[in-house]
Amino acid sequence: MTLAFGSCEGIICGRRTLLGVLLVLGLLAVFGLAGCRKAVSPRRADSSRRPPVPAATGDEQGKAGALKAEFHGAKMTWDDEKGARVWEARFKEAAALQTGKSAVVELRGVEAGLYRNGKIASRLVAPRVVADSRTREVKASGGVKVTSAIYDASVRAERLLWRSREDKLLGAGGVRMRKGNLSITARSFEADTALKKAKFTDAEMSLE
Amino acid sequence: MRKVAAALALIAALGLYAALGRADSYSIGKTTLSGDVIVFENTTVTATGSAKLVHISQSSPIEPGTMRLDSIQAKSIRADLVEGKGKTLTLKEASASGGVIIEARRADSVTDPSGQTITVIRNVHATAESAKLSEGRDTVLLTGSVVVKITEPGRAEPVAVIDGQNVTYFLKANKIEIKGQPGKPAGLTVTSKEGKQK
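In the order they appear, the protein sequences are chains A and B. The first sequence begins at 1 in our numbering and counts up one residue at a time. The second sequence begins at 1001 in our numbering and counts up one residue at a time.
Keep in mind that the hints were calculated from the coordinates and are not lab data. Remember, predicted model here, so these are calculated numbers, not experimental data. Be careful, since some hints might not be right.
To be verified - Below, in silico cross-link-like pairs of lysine-lysine (DSSO-like), each with a Cα-Cα straight-line distance of 30 Å or less: (1) B:Lys1052 with A:Lys145; (2) A:Lys199 with B:Lys1052; (3) B:Lys1149 with B:Lys1052; (4) A:Lys199 with B:Lys1149; (5) B:Lys1132 with A:Lys168.
Input sequences plus hints: build the corresponding full structure.
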């Protein structure tokens, strides 16, 4: 199992953050895991019950590639094996989930940067995000907006899946892309992370 | 009190300016392109599967002596856009291929039996294998087994039927140019109110 969770750093930034931290601590307590890194050193923890390192390890590391995931207060980052940034997110609330061997974190009130080759390709805003550090996939829902950091384009969708390894964004439900005076409405879409090229289904483009 | 009145007057003036300013910035129409699948890359948009390009004009009725393109339907339509002032994208060119159907209207000036000149709006329905719309030149080039039917309100039979390998619409000039091929001459059938002429 890979579980990605790091430090609280002892800084509480507002009530929402406090609630988020308490929620995470509560969940961790339920799972029998350690809380803040400062309070309990992961190395001292029972390794059979408390996987301390956020990155994938052992066999999983070999399959999925080394990935270091850290939480710093209300910020979470993923870097690949070469140290290049993959994902960086700020959030209001977080909860750690366990699904099989995956290290899954559920975030709420998310503003994130999606990176490609270590450079930011687009920015994501979503009310709810489920991020899996093992597969490096991000599922966003509740009305998602992605804005390209390279091209003058943005897209909205009800839900979205980002497959960072494939440099692919998949969105569905009330899709609307905008590029200046051009807009495209569609049922679903598939695009590269930077929104350079996009494919829409049941779509209509309009120029005004 | 005076300050409040001045502030209100300023807000009203700004509102009026904004309203008038917007009226100027209206575009002359709206272009839509739909399809089962649309692929967007840079300034090229390609629609496939029941593709349809529609131009909705916001201007008044068609000017006499001109043609207006209403829609193009085809299996596939590719729209090339160009970025203008203020990054505004406009349609530079559109190419349609496979089962092309084009709907247009022309405003013809005719003399009625009483000797008065009136404007008759005629529908121009065309089918072709492919078509190319050049927005800048205001022309539509239809190629491959082209059949154009011009109909008039109140008349069951088409006013004219054109067939050829290449047909060009000149929208601003309200002109249709037909070209045949060796062994496949172009045809024009005009139906007068009295009978058919070829």
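For each hint, the structure was consulted:
no.	hint	result
1	B:Lys1052 with A:Lys145	28 Å, holds
2	A:Lys199 with B:Lys1052	17 Å, holds
3	B:Lys1149 with B:Lys1052	20 Å, holds
4	A:Lys199 with B:Lys1149	36 Å, violated
5	B:Lys1132 with A:Lys168	33 Å, violated
Checked against the numbered hints listed earlier, the structure breaks hints 4, 5; every other hint is satisfied.
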